[in-house]
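> The primary structure of each chain is shown beneath.
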Amino acid sequence: MAGWILLIVLAVIVFGFIGIYNTLVTLRKRCDNGWAQIDVQLKRRYDLIPNLVETAKGYLKHEREVLENVTKARQQAINASGVKEQAQAENFLSQTLRSLFAVVENYPDLKANQNMMAVQEELVSTENKISFARQHYNDTVMAYNTRTEMFPSNIIAGMFGFSEREFFELEDEAQRQAPKVDFTS
Amino acid sequence: MYSQIAENKRNSWLLVILVTTVLVLLGYLIGEYWGSRYGGIVIAVVFAVVSALIAYYGGAGMILGLSRARRIEKRDNPQLFNVVEELTIAAGVPMPAIYIIDDSAPNAFATGRDPAHASVAITTGLLEKLSRDELQGVMAHELSHVQNRDILFAMMVGVMVGSIVMISDFFLRSVFWGGGRRRRSGGDKGSGPLILVALALAILAPIFAKLLQLAVSRQREYLADASAAKLTRYPEGLARALEKIAGDREVLEVANRATQHLYIVNPIKPFEKRAKGLFSTHPPIEERVARLRAM
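Line by line, the protein sequences are chains Z and U.
Note that our numbering has the first sequence beginning at 1, numbered continuously upward.
Note that our numbering has the second sequence beginning at 1, numbered continuously upward.
Be careful, since some hints might not be right.
[As the list claims (entries may be wrong)] For lysine-lysine, the following DSSO-like pairs were computed, each having C-alpha atoms within a straight-line distance of at most 30 Å:
| # | chain 1 | residue 1 | chain 2 | residue 2 |
| --- | --- | --- | --- | --- |
| 1 | Z | 29 | U | 9 |
| 2 | Z | 57 | U | 74 |
| 3 | Z | 43 | U | 230 |
| 4 | Z | 29 | U | 230 |
| 5 | U | 244 | U | 230 |
| 6 | Z | 84 | U | 230 |
| 7 | U | 9 | Z | 43 |
| 8 | Z | 111 | U | 74 |
| 9 | U | 244 | U | 9 |
| 10 | Z | 61 | Z | 111 |
None of these hints come from the bench; they were simulated from the model.
On a predicted model such as this, the values are computed, not experimentally measured, just so you know.
Given the sequences, and given the hints that come with them, work out the whole structure.
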């Protein structure tokens with residue numbers, strides 16, 4: 001009788017171990033996926049920008065610098081290597097885009113243009129998607145990190161080398177203060 | 001925000017346990033009274049479960065058809081499509097099917113047993129009124145219903161409440177028409193007080209269960225609001241949208257009692273004041289807005 005009880009207890013512990021290990025693996029994979037998603041959205045932005053510049057060029061004859069900045073920033077971001085450099089380049093690209101949109105506010109003809117509105121919506125959406133992708137990544141990191149610290153999964157995490165992941169954080173203070181821009185209310 | 005979500009989930013489960021307890025108690029008492037008349041109860045419960053399953057799997061199609069909703073693709077309304085797509089990125093779920101309902105009354109709803117089989121719908125009336133952020137708040141609320149498995153949840157509670165109602169009904173009829181008492185050779189259990197207790201419970205249980213069901217529905221609405229805020233990290237968007245909807249008193253033509261709980265605000269009560277209190281499927285809008293702004 002005692003033998004059976006021992007066997008059952010052992011089975012429960014083993015299955016518990018396996019369950020916790022698998023949960024850790026799943027949560028870590030979600031972090032990987034979340035990180036990859038951010039890249040997907042960043043690449044989308046690269047593809048959309050040439051269209052934006054083309055559409056705006058005809059109307060913004062006196063604002064060539066703003067358009068050129070966007071194009072240059074885009075090229076910089078594409079060529080960037082390493083996480084830090086890329087993050088900086090992406091932030092800079094966001095800034096140039098914000099300047100461009102601020103300028104467009106002063107050109108009602110351009111603002112009302114159907115193509116421009118469509119492209120603008122796409123860009124606003126892409127900026128949001130980048131933000132949301134980062135937010136989602138941070139959510140997955142939080143879930144994973146919490147699990148590596150909680151008892152009893154912290155034991156398994158320690159045994160099998162599940163280390164904490166880093167949150168995605170904005171380096172630029174100005175970026176942090178940026179208010180939400182609403183183009184269509 | 002997180003504490004609100006955790007509290008909501010806990011409250012919902014407490015309410016479900018309460019409903020289950022009532023159901024089990026009722027079944028037990030009536031079973032005792034009848035001796036071994038479990039057959040009727042089993043049939044009633046099976047019936048409730050089957051009808052619930054039909055509603056669960058076919059429900060989305062039914063309600064979308066009833067509402068004269070038309071499915072849209074990205075090119076039909078890029079902004080709406082983008083708004084929903086952004087939310088699916090934030091939540092890490094697949095895209096739902098998106099529908100538009102041609103009605104000037106502002107409302108929206110979601111159906112679907114899980115994110116892989118989800119649909120969201122919105123009226124043209126609401127679409128016109130809202131800014132991008134407000135629209136995103138509303139869509140986040142609807143997607144949260146699916147993510148929180150509220151459709152599944154409402155189904156479970158509905159089955160249990162339906163069973164309670166049916167069992168009570170069955171029992172009450174059998175008592176009044178005199179068919180329930182069978183003498184067993186071993187003698188029946190003490191009848192006097194037991195009958196009264198069983199009768200009282202049979203009358204009160206359905207009312208109690210219904211009130212619980214409405215309480216659960218209200219809890220899940222608060223939860224969907226909190227989850228929406230967690231998705232967008234911008235509760236003000238949803239708060240403003242709710243205020244705009246509250247200001248419009250038009251009644252949604254295609255909604256009815258059966259489908260009212262699926263909508264973001266109660267669609268069949270033209271004046272919010274009437275919809276307050278214990279008998280409403282949705283919490284009062286002022287309270288929802290206050291909680292959102294307090295996050």
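> The structure should be examined with respect to each hint, and the outcome stated for every one.
The hints, checked one at a time:
1. The straight-line distance between the Cα atoms of residue 29 of chain Z and residue 9 of chain U is roughly 26 Å, inside the 30 Å bound, and the hint therefore holds.
2. Note on residue 57 of chain Z and residue 74 of chain U: the hinted pairing holds, with a Cα-Cα distance of about 26 Å set against a maximum of 30 Å.
3. Taking the CA atoms of residue 43 of chain Z and residue 230 of chain U, the gap is near 26 Å; set against the 30 Å cutoff, the hint holds.
4. The suggested pairing of residue 29 of chain Z with residue 230 of chain U holds, with an alpha-carbon distance near 22 Å, which does not exceed 30 Å.
5. Note on residue 244 of chain U and residue 230 of chain U: the hinted pairing holds, with a Cα-Cα distance of about 21 Å set against a maximum of 30 Å.
6. With a C-alpha separation of about 28 Å, the suggested pair residue 84 of chain Z and residue 230 of chain U falls inside the 30 Å cut-off, and the hint holds.
7. Among the hinted pairs, residue 9 of chain U with residue 43 of chain Z is inconsistent with the structure: their alpha-carbon atoms are about 38 Å apart, more than 30 Å.
8. With a C-alpha separation of about 22 Å, the suggested pairing of residue 111 of chain Z with residue 74 of chain U holds against the 30 Å cut-off.
9. Taking the CA atoms of residue 244 of chain U and residue 9 of chain U, the gap is near 28 Å; set against the 30 Å cutoff, the hint holds.
10. Annotation: proposed proximity of residue 61 of chain Z to residue 111 of chain Z holds, straight-line Cα distance about 15 Å (limit 30 Å).
Hint compliance for this structure: hint 7 is the single one not met.
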